[in-house]
Amino acid sequence: MSDLISNNTDAVQPDADDAQWLAMRYVLGELSDEQAESFEAAMADDVALCEGVLQAILLNSAVALAFESQQSGRTALVGVTSDESSLPVVAINRSPFARFGVFAATAAMVLAVLAMVMLQNSPQAEVLSSDDDATADMLAMLLDNSSSSDLSGEFDEFSSADDSVSSLVAPEWLLTAVDLDSAGDQNDIPAIRPEEESGVY
Amino acid sequence: MVESACVQFQGDLKGFLLGVLKNRDLAEDVFQKTAIRAMEAAENARAATLRGWLFQIALNEARQLLRQKKRDIHHHERHAEQVSGENAGRQANAGGQWMQDLGLVGDETVKAVQRSLIRLPQEQQEVIRRRIYDGQTFAEIAEQMQLPLGTVLTWMRRGLLRLREDSQLRAFEDDDG
Chain A
1 MSDLISNNTD AVQPDADDAQ WLAMRYVLGE LSDEQAESFE AAMADDVALC EGVLQAILLN
61 SAVALAFESQ QSGRTALVGV TSDESSLPVV AINRSPFARF GVFAATAAMV LAVLAMVMLQ
121 NSPQAEVLSS DDDATADMLA MLLDNSSSSD LSGEFDEFSS ADDSVSSLVA PEWLLTAVDL
181 DSAGDQNDIP AIRPEEESGV Y
Chain B
1 MVESACVQFQ GDLKGFLLGV LKNRDLAEDV FQKTAIRAME AAENARAATL RGWLFQIALN
61 EARQLLRQKK RDIHHHERHA EQVSGENAGR QANAGGQWMQ DLGLVGDETV KAVQRSLIRL
121 PQEQQEVIRR RIYDGQTFAE IAEQMQLPLG TVLTWMRRGL LRLREDSQLR AFEDDDG
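As they're listed, the protein sequences go chains A and B. Here our numbering is used: position 186 in the first sequence is 186, and no number is missing along the way. Here our numbering is used: position 132 in the second sequence is 132, and no number is missing along the way.
One should not assume that every hint holds.
Stated by the list, open to error - Cβ-Cβ distance ranges computed for the label pairs, FRET-style:
(1) A:A41 / B:R46: 22 to 28 angstroms
(2) B:A47 / A:D45: 45 to 51 angstroms
(3) A:Q35 / B:E123: 22 to 28 angstroms
(4) A:S38 / B:G150: 17 to 23 angstroms
Rather than coming from a laboratory, the hints here were simulated on the basis of the structure. For every residue, glycine included, the Cβ atom is placed at its ideal position computed from N, Cα and C.
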């Protein structure tokens, strides 16, 4: 079956080579009608030419399949690559630089937390905390005072989108609230009142 | 004897008929006719020349079909379209899968051809790919690659010759055979 491929190692035989080439061109449909008919007539007298046609079609098929496999292999390779990139990969083989980065970020977070704790425990923080308490008191007072007024109208007034200077004028209820607060404490800066420090209100 | 020979050589006969008819369906039909004709003429068969004898019957049946189609203008045009240029190449590609299914072209042979193709000069690879895989005619290849037709034919011929001479391919062909 495979004589023309397997046994024809002597490339200097011009007749055999020509016959193989003719058979390949016949299989590929590259011969004219007259040439093809002549070749078919020759095959009827020479079985070796029939074998040549078989070898030509087998080589043709193998080459076509080889290119086909090559193409599908590339496609599969692209698919594998994209799959790998989409995988939720945990850094198993991280570089030392990446590991150092993770360590540095963790240390920075710990330091930030420590700094926040220290700030909260400092006297300045207590002042700030007292400020927050004073603001809470003022808001509670505002709520008490506003209970007797029309909240919806105030809300409309407050939320009106007006960039003019007049919109920055404090409403009367706010001035009243500030007066009440300042009446209780004459200092400009809200100070720590004894009752606040002891938690008695 | 003839019946078993038809079974034994059916792959080779179908491959040969594919080469002659350039059409898988026609090749299948003609193989059936060949088997019937061979069994009808079994008394003329000789064991020593049985394979060649079957090839001759197959060729006669194929040529008869081709002549019949050429007499019919419509069939002739359809057939001419099938065997010409690009379509011939596509038939060859489709035939490749058929040859594999029939066990005539094994995976190892395909891998060996792949390895041999890589070793070919780039221009020979290109011409072989365009002609056999893409189905372009030699004239189209010459035009697109802006080369003389003779150069394209020479590259194709040299490339195929080197593929056939490749030791690995030859070894696998022996195994497949």
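Structure-based check of each hint:
1. A41 (chain A) and R46 (chain B) have their C-beta atoms about 23 angstroms apart, which keeps the hinted 22 to 28 angstroms range intact.
2. Judged by the Cβ atoms, the range 45 to 51 angstroms given for A47 (chain B) and D45 (chain A) is violated: they are separated by roughly 22 angstroms.
3. Separation of Q35 (chain A) from E123 (chain B) is about 26 angstroms and conforms to the stated range, judged on CB atoms against 22 to 28 angstroms.
4. One distance hint, 17 to 23 angstroms for the beta-carbon pair S38 (chain A) and G150 (chain B), holds here, with the actual separation near 21 angstroms.
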